[in-house]
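Number of protein chains: 2
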Amino acid sequence: MAGTDHKKPSKIQEDGPAIILIVPQLGENIGKAVRAMYNFGLTDLRLVAPRDGWPNEAAVAPAAGADIVLDKARVFDTTAEAIADLEYVYATTARPRDMIKEVVTPKRCCELMRGFVNTGKKVGLLFGPEKAGLKNDDIALSTAIVSVPLNPSFASINLAQAVGLLSYEWFQTGSDIPDSFTPTQDTSPATAGELQKLFDHMEEELKEAGYFRADQRRSLMRRNLRNIFTRSELTREEISTMRGVIKALATGGGAGWIAEKAEIALKAKKKAE
Amino acid sequence: MAGTDHKKPSKIQEDGPAIILIVPQLGENIGKAVRAMYNFGLTDLRLVAPRDGWPNEAAVAPAAGADIVLDKARVFDTTAEAIADLEYVYATTARPRDMIKEVVTPKRCCELMRGFVNTGKKVGLLFGPEKAGLKNDDIALSTAIVSVPLNPSFASINLAQAVGLLSYEWFQTGSDIPDSFTPTQDTSPATAGELQKLFDHMEEELKEAGYFRADQRRSLMRRNLRNIFTRSELTREEISTMRGVIKALATGGGAGWIAEKAEIALKAKKKAE
Numbered sequence: 001m002a003g004t005d006h007k008k009p010s011k012i013q014e015d016g017p018a019i020i021l022i023v024p025q026l027g028e029n030i031g032k033a034v035r036a037m038y039n040f041g042l043t044d045l046r047l048v049a050p051r052d053g054w055p056n057e058a059a060v061a062p063a064a065g066a067d068i069v070l071d072k073a074r075v076f077d078t079t080a081e082a083i084a085d086l087e088y089v090y091a092t093t094a095r096p097r098d099m100i101k102e103v104v105t106p107k108r109c110c111e112l113m114r115g116f117v118n119t120g121k122k123v124g125l126l127f128g129p130e131k132a133g134l135k136n137d138d139i140a141l142s143t144a145i146v147s148v149p150l151n152p153s154f155a156s157i158n159l160a161q162a163v164g165l166l167s168y169e170w171f172q173t174g175s176d177i178p179d180s181f182t183p184t185q186d187t188s189p190a191t192a193g194e195l196q197k198l199f200d201h202m203e204e205e206l207k208e209a210g211y212f213r214a215d216q217r218r219s220l221m222r223r224n225l226r227n228i229f230t231r232s233e234l235t236r237e238e239i240s241t242m243r244g245v246i247k248a249l250a251t252g253g254g255a256g257w258i259a260e261k262a263e264i265a266l267k268a269k270k271k272a273e
Numbered sequence: 001m002a003g004t005d006h007k008k009p010s011k012i013q014e015d016g017p018a019i020i021l022i023v024p025q026l027g028e029n030i031g032k033a034v035r036a037m038y039n040f041g042l043t044d045l046r047l048v049a050p051r052d053g054w055p056n057e058a059a060v061a062p063a064a065g066a067d068i069v070l071d072k073a074r075v076f077d078t079t080a081e082a083i084a085d086l087e088y089v090y091a092t093t094a095r096p097r098d099m100i101k102e103v104v105t106p107k108r109c110c111e112l113m114r115g116f117v118n119t120g121k122k123v124g125l126l127f128g129p130e131k132a133g134l135k136n137d138d139i140a141l142s143t144a145i146v147s148v149p150l151n152p153s154f155a156s157i158n159l160a161q162a163v164g165l166l167s168y169e170w171f172q173t174g175s176d177i178p179d180s181f182t183p184t185q186d187t188s189p190a191t192a193g194e195l196q197k198l199f200d201h202m203e204e205e206l207k208e209a210g211y212f213r214a215d216q217r218r219s220l221m222r223r224n225l226r227n228i229f230t231r232s233e234l235t236r237e238e239i240s241t242m243r244g245v246i247k248a249l250a251t252g253g254g255a256g257w258i259a260e261k262a263e264i265a266l267k268a269k270k271k272a273e
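Chains as they are written, first to last, in my numbering: chain A, 1 to 273; chain B, 1 to 273.
Keep in mind the hints are simulated off the structure, nothing from the lab.
Hints are not guaranteed to be accurate.
It does not matter which identical chain is used: a pair holds within one copy or between any two.
Below 20 Å or equal to it, Euclidean Cα-Cα: the simulated SDA-like pairs (lysine to any residue) are [as the list claims (entries may be wrong)]:
1. K121 with M221
2. K131 with Y211
3. K72 with S153
4. K72 with R218
5. K121 with E28
6. K247 with K270
7. K247 with N56
8. K131 with G65
9. K122 with D15
10. K121 with D98
11. K107 with G174
So here's chain A without its partners, still in its complex pose (with noise of 0.2 Å):
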């Protein structure tokens, strides 16, 4: 999906978790979480004994612009030492480890990390290594597991993949944007008066073209396609085209050009007697 607008504010997010990924082994993939974090606005990267060592420039093309991640990058010797100023660490795991330890899904991970960020602690989110994962003495660093729910015979998710689904749980926990929304544009929804004239139209030519042939089932099929045009929540601009429609439909074509045809042949008729 494209869709950067340069022109609108970013919404960096000082605050965000810290994104800690343990021995990476591929700079590609450093990248694509790169890009991913920024995606949802996260730029505090930390990485720990990256294998190709830091700057490393296989990161650069798939993090796809987002420089002020990597730029602000900083690479540590230990676990330890990445976290030290963090209040709260979550350690991502697919597979279940033998520890007895808080076990959250990423969306409730995220309402917790926002929980304490907006009281002022520092967070932050540790993965391990592509194949290996994150050690247990790793995990022993942290508060609690944060496990993504996956399909348990084929659990082995992309590293950028992983940070990309806790980059988006936070995001969300900090977006206003409303479940569902039908935007309008630059047109005003009709009123139920146009939306009636709209009806009263097409059932004035419908009756005209003989479409309500049985009584009994007339007001039936009146409700159903009123039912089909306020379910379209119409514009004003909308109730025009389908008026027009409906003109076109009725006197280009149909019984509306069956009764132009007549009329032009009588004409024709009485003209020739």
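Given the coordinates of chain A, work out where chain B should sit on it, guided by the hints.
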């Protein structure tokens, strides 16, 4: 994160949404999308005019073993053909369109789709090409728009990430995983009586060590200590561990160690006399 357990039953959701990629460019991206789909149990992949044809060798390695999805993938010439059997189709877009069409969040979209699937309907999700996103003509074929809330100044989300997010939200709507739980493995939570014995042991040793100096602070300090350990929700085994720790601290060093040394010195002195 690594964690596939092939012994676990696969949560394949035959009725889950079809993932429809319109004119996808890179085989690698198709493969990564396939991996993300199958992470969340989705298997119905439909490709509309993939640029490099199909099958595509470049998709195999990034799919990371989700062969069931690759093998079942179907190719169509047009979007209309790809969605012909579906009752509800949601178009993913990041940027707003000049269209009067309902816009829903991924979460809401998946709740709606789950409801439709539960009543026997077929549903699908449209994704546009990597750079350009969906064309308005494809969106016009859709029931509604689903838009991922994103950083507005960096809204270019990777195709596989977008597929992953929607697949994740779909899986969530069918997941019975609790928001939070603490596995106790093969251990047993301690009873209040066992915990009380720990408190008695600890407080007795602390009293001996002169920890409760001021009588007026004693009850406060006891309460604080008790809160630390009740909050930890200790198991029976951890109670044993803690009692061992207290014993070691009390006798192996500090006051206990000094007392022991003093006793030895006293005995030696008595012997010498």
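So, going through the hints one by one against the coordinates:
1. K121 with M221: Cα proximity of K121 and M221: none, with 62 Å in one copy and 26 Å across.
2. K131 with Y211: For K131 and Y211, the Cα distance exceeds 20 Å both inside one copy (67 Å) and across copies (49 Å).
3. K72 with S153: between (37 Å within a copy, 18 Å between copies)
4. K72 with R218: Neither. Shortest intra-copy (70 Å) and inter-copy (48 Å) distances fail the 20 Å Cα cut-off.
5. K121 with E28: neither (31 Å within a copy, 40 Å between copies)
6. K247 with K270: Neither, since 29 Å and 122 Å both go past 20 Å.
7. K247 with N56: For K247 and N56, neither the intra-copy (66 Å) nor the inter-copy (51 Å) Cα distance is at most 20 Å.
8. K131 with G65: between (27 Å within a copy, 14 Å between copies)
9. K122 with D15: within (7 Å within a copy, 42 Å between copies)
10. K121 with D98: neither (29 Å within a copy, 41 Å between copies)
11. K107 with G174: both (12 Å within a copy, 15 Å between copies)
Checked against the numbered hints given earlier, this structure breaks hints 1, 2, 4, 5, 6, 7 and 10; the rest are met.
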